[in-house]
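> Below are the chains, spelled out letter by letter.
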Amino acid sequence: MYEEPGCFEFDPNNSMAEGADSGFRRAVANSQKQFEENLKLSSEELCAMELELQKHMAFNVENCDNNTHMIQQVVDEPNQFHSFDHSNWNTGDIGFNQEDPQQNGHRSFNINSLPQTQDLLNLFHLPGSSLLPNSSISFANSNHDTTPLGFIGNLPASDSTSVLYDPLFHLNLPPEPPLFRELFQSIPQGYSLPTLRSGANSLFGDERDSSGVTAYQDGDGGMLEFTRDMACIVKGSETGKKKKPLTTERQRREHWTDKFTALRNLLPNPSKSDRASIVGDANEYINELLRTVNELKLLVEKKRCGRERSKRHKTEDDAAGDVENCNIRPLGDPEQSYNGSLRSSWLQRKSKDTEVDVRIIDDEVTIKLVQRKKIDCLLFVSKILDELQLDLHHVAGGHTGDYYSFLFNTKIYEGSSVYAGAIANKVIEVMDREYAAVPTTSSY
Amino acid sequence: MDYKSKNLVAERKRRKKLGDRLLNLRALVPRITNMKKETIIEDAINYIQELQENVKFLTGKLQLLEVEPFSEEEANPKREETNTVEDMKKCGIQENVEVSYMSGNKVQIKIIFEKKRGKFTKLLEAITSRGFQLSDTSMTSSKGATLFSSFAEVTYDGTLAVEETRKSLLQIVRSMPQLCKKLDPGDCCLGGAKLGLSELNTYL
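If you read the sequences in order, they're chains A and B. First residue of the first sequence: 55, per this note's numbering; consecutive thereafter. First residue of the second sequence: -11, per this note's numbering; consecutive thereafter.
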């Protein structure tokens, strides 16, 4: 019935020639017939019809050599739009203006403009309104450069398609489809619309590569997941499910940040609070803890076997029994095993005004201290060193800008089992206490 | 580069940085349940807590071992200290105090004294208690002697008499007892020191 060329209203000379062969025409015509039959249906069934049409179109279109890709895109699009709101608006393509079935049929086959990309885009135009803000969502990728969806309201500058708009104005199309616009505006910039098709198609292939579409700041899988969430919005009814994916996503993000905060609270020297720094500090802290554990193990063994040794010297008779107590020593002599494993340890502690770095190799301890505006620290540190049984061999101190820095070279007295963590913590503790006791003055 | 691609590159770099560090974390933690990013953080938290517990346990153990008296160790410090006197004599080092006037209220102090436990602390205490403020301090020890060198500034008004300063410092040095009291091993700080600063005054 609609085989006359009149139904292809703005059939430019080239449109059919480009790819849509007669087979396609027939296919279109067939579908059109179906359309007519279904025109009386209520708006709720539009979606189903469109799906059907889509199937038909897609199926028939596969026979065409050219522009199959484009056509599929076009076919996708109406579904997208229609699924948001079936009742309120009519697109140029498969519009179901029930007032005017005849002209519906006319309008519906703008699809014949498929071969030209620009005409494709006309399908979504809604007269008079610039629908969207500048969205980076693009729907056509084949021949022409991607054009954002925002153009939808704007007339594409194509001579061949200028004809399109005239007939449509005659129809009483609503000037703006508010829901459609709102929907687009409610989607944060750059999020792509899903397709009802299960597989990702080229539309998404474009979206993901463009910089405007960074859904998350974390998680590479986040993008995919979000689009799946959006698909939920589309598939389900608009009522309940819209909120659910957002909440889950937010929960997931908050849960994730909570874990980072928890990790940060375990660290001794938290500085920056961005995620990469937290993880970096955690790595260093784990290494530090491992060093401390090794150091302590060594000290415990040394202590224990040292005592065993002293007991042995006192009670010669029990020599055999005591040696067995030191069962960790495979060799006979406990002393020798220490020389094999050189004790080494290093850690840093920072507080608000003080920074201390303690390095221990064997029995030599090097302490570096940097702090602000405290001149008497030498005395306090010297006292600490006496407490900790460290023999001070060398000190050098200097004053640069705001900071006083000291380097202490000490040796551990025989028999002391001080470890690096103790030194650092003690120094920091005393420094902070002294800072608190003295109001900060810069003048001497 | 236009703005979009700059941003993209920066964002990619940022994500990569976080990813690399997370991989490092995963390599450090021995027990990982999952390969997901979130679980690695959880596993790391557990592991760190485990290590901290271990440190606490070992520290406690060490402290317990410390409490027991060890009598043989006491002989060693005495040996050390007698050696220092001999060393000094051998090299001809003598206790000495030098004070040189710099400018204004500043003097340079150089003190040579016998190296003994706790002597340096006492020297510092005495100097600061007389109102000197030290800057650019250095101390080194060799051959049983300690060389202390510093700038000192006095805060009280009045002319700074160099010779007086010198004499008082010499007095300080000579009054320091030769043998310092051996520190009680129980006071050794293993992280929770019970020795307060006031107890150090028992030296005198």
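A portion of the hints provided could be inaccurate.
[Claimed, not checked] Here are the computed distance ranges between Cβ atoms for each label pair: (1) A:G452 x B:K24: 48 to 54 angstroms; (2) B:R2 x A:S459: 18 to 24 angstroms; (3) A:S405 x B:S126: 22 to 28 angstroms; (4) B:L52 x A:H453: 38 to 44 angstroms; (5) B:L11 x A:T420: 53 to 59 angstroms; (6) A:S459 x B:T116: 45 to 51 angstroms.
[As the list claims (entries may be wrong)] Stretches of chain B that chain A covers, calculated by requiring three or more beta carbons in the stretch to come under 8 angstroms of a beta carbon on chain A: (7) 2 to 16; (8) 41 to 54; (9) 79 to 92.
In case anyone wonders, no lab produced these hints; they're calculated from the structure. Just so it is clear, CB atoms sit at the ideal spot from N, CA and C, and this is done for glycine as well.
> Would you mind marking each hint as holding or not holding in the structure?
Hint by hint, here is what the structure shows:
no., hint, result
1, A:G452 x B:K24: 48 to 54 angstroms, "49 angstroms, holds"
2, B:R2 x A:S459: 18 to 24 angstroms, "34 angstroms, violated"
3, A:S405 x B:S126: 22 to 28 angstroms, "25 angstroms, holds"
4, B:L52 x A:H453: 38 to 44 angstroms, "43 angstroms, holds"
5, B:L11 x A:T420: 53 to 59 angstroms, "32 angstroms, violated"
6, A:S459 x B:T116: 45 to 51 angstroms, "19 angstroms, violated"
7, 2 to 16, "holds (count 9)"
8, 41 to 54, "holds (count 8)"
9, 79 to 92, "violated (count 0)"
When held up to the earlier numbered hints, the structure conflicts with 2, 5, 6 and 9 and fits the remainder.
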